[in-house]
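Q: Based on these hints, arrange chain B with the ligands on the given structure of chain A.
Going down the list, the sequences are from chains A and B.
All residue numbers for the first sequence refer to my numbering, where the first residue is 1 and numbers rise by one.
All residue numbers for the second sequence refer to my numbering, where the first residue is 1 and numbers rise by one.
It cannot be assumed that every hint is accurate.
[What the hints assert, rightly or not] DSS-like, lysine-lysine: derived pairs with alpha carbons at most 25 Å apart: (1) K16/A to K191/B; (2) K59/B to K349/B; (3) K120/A to K302/B.
In case anyone wonders, no lab produced these hints; they're calculated from the structure.
In this text, all values refer to a predicted model and were calculated from it rather than measured experimentally.
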Amino acid sequence: MNSIYTYFADIFHGLKSLLIGMSVTGRYFFSPGQIVTQQYPENRKTLKMFDRFKGDLIMPHDANNQHRCTGCGICETNCPNGSIEVISDRIELPDGKKKRIIDKHIYHLGMCTFCSLCVKTCPSDALAWDQTFEHAVFDRSKLTKILNKPGSSIIKDIE
Amino acid sequence: MKEIINLPVHSIEEEEYHINMGPQHPSTHGVLRLVVTLQGETVKKVQPHCGYIHRGIEKMCEKDTYQQIIHLTDRMDYLSAHINNHAVCLLVEGALEVEVPERVKYIRTIIDELNRIASHQLWWCSFGMDLGGLTCFFYGLRDREHILDIFEESFGSRLLHSYYTPGGLMQDIHPNFQKRTKDFIKYFRKKIKDYDKLLSGNVIFENRSQGIGVMSKEDAINYGVSGPSGRASGWSCDIRKKYPYGVYDKAEFNEILRTDGDTYGRYMVRMDEMRESMKIIEQLIDNIPEGDYTAKMKPIIKLPAGEYYQRVESARGELGIYCISDGNKTPVRMKFRTPSFVNLGVLDKLSRDMKIADLVAIGASLDLVIPDIDR
Ligand code: SF4
Ligand code: SF4
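The following block holds chain A by itself, in its conformation from the complex:
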């Protein structure tokens, strides 16, 4: 007698638990307002990343095509993966002193682990993060970027 009782009790307990579970899925099924899926890439125009999103390393330039990088190479030393190469030149100033200026600031996006050490340690705040995120390319040579724009120079009073 007892075993028959537990047999049916098990069945009812099982059915009840399944129905409780189904009530959750059913509720979402009939309330499409709770759907959270985004229609990417259709929503590309309206999709905006957070301000601090680490997408791509850039060197901000102002309207006169001037940046803040002195070519000191601290970012290169601090990068754990060798993703940054700083190639600098020495020029002679009119007063005879020698000064180092940046020739090429090369950034390998494919080797970067987005640790942000370069941005944090740059003494003149020359680097920043951009919010782009579509990084897929067909050729990996495209992942190597030169951050200082052609013909750019350094803002005057930065040491």
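A: Here is chain B with the ligands on its own, set in the frame of chain A:
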């Protein structure tokens, strides 16, 4: 006349054979290869083969400065990246005897707990999915997205943050951080009830997890199974309680202990831990003191020569870091005692004489992260 040849009859039930589960198997959650010795459908032995995602993180640490090591530890147990970072920071701060600002301690503790919830959510998703409940996967990921949004707004990345630095934080938290976190707690308190309705009381789930893979307290201690898996067997091993770091000593929370030690017990411990984590966050979130987000540190950190050990409670168990320094800016040796690697050891013991489908359930209940095993 034909001769009758008596071939020996091997029944499949008697003979043992090996199959490879993984390295490409959805239920191993990564590239873990288990060589399973089977007799029929019964598991006789499980031999894990590691190394498919070995990156030599310990060796790489030997050439990196202490600031650079942080970003490598993200990549061990990527689901508790903040907690791993915290361990390195505590090690360096302890060795240099730096006092970090109170604000940093509060923020770190809150973020660690958010990270723990996110990790347990993803574990819940994949646990449900391994046992055939695909719905869990979508619901869990949907709720985890809220935490990832909080992370993304404050630290700029979703999984591998590198947000802590020795002495403090990379940058201050975003002004929205507190509001978003409180909103999330309110939201998740409702949703976790759905989790219980969907899976915890489900009859199929109960039958597949209760009494499966029972681990006794002795086994848990002998194999060193820490974290939620160990606590499900009644072993009190919560580092947050035993050796408090951050501001865990200021928050009121319970160490979840159960005595059943089976797959269901491990499941329930993690569900309750999510609630405890929410409790911790609620107590701390309004009391973050004002102050600096980092202590003054020298740009080049050199630890005094000697040996150091630091442990934290990651989402999977005890993460220990052993470091030898000779006074230079890079360590001589860094050894990580990762919880997943140690917890993997008990898998063979738990799954012997179980069915192969139970092996999947047991593996999922141990919550292994494969890059954490291989490092
Ligand atoms: S980006 Fe900053 S750290 Fe790097 S070379 Fe230029 S000034 Fe120096
Ligand atoms: S974010 Fe890190 S890995 Fe990337 S370039 Fe900067 S320092 Fe190097």
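Q: For each hint, tell me whether it holds in the structure or not.
A: Going through the hints against the structure:
no.: 1; hint: K16/A to K191/B; in the structure: 20 Å, holds
no.: 2; hint: K59/B to K349/B; in the structure: 31 Å, violated
no.: 3; hint: K120/A to K302/B; in the structure: 19 Å, holds
The structure does not agree with numbered hint 2 stated previously, though it agrees with all others.
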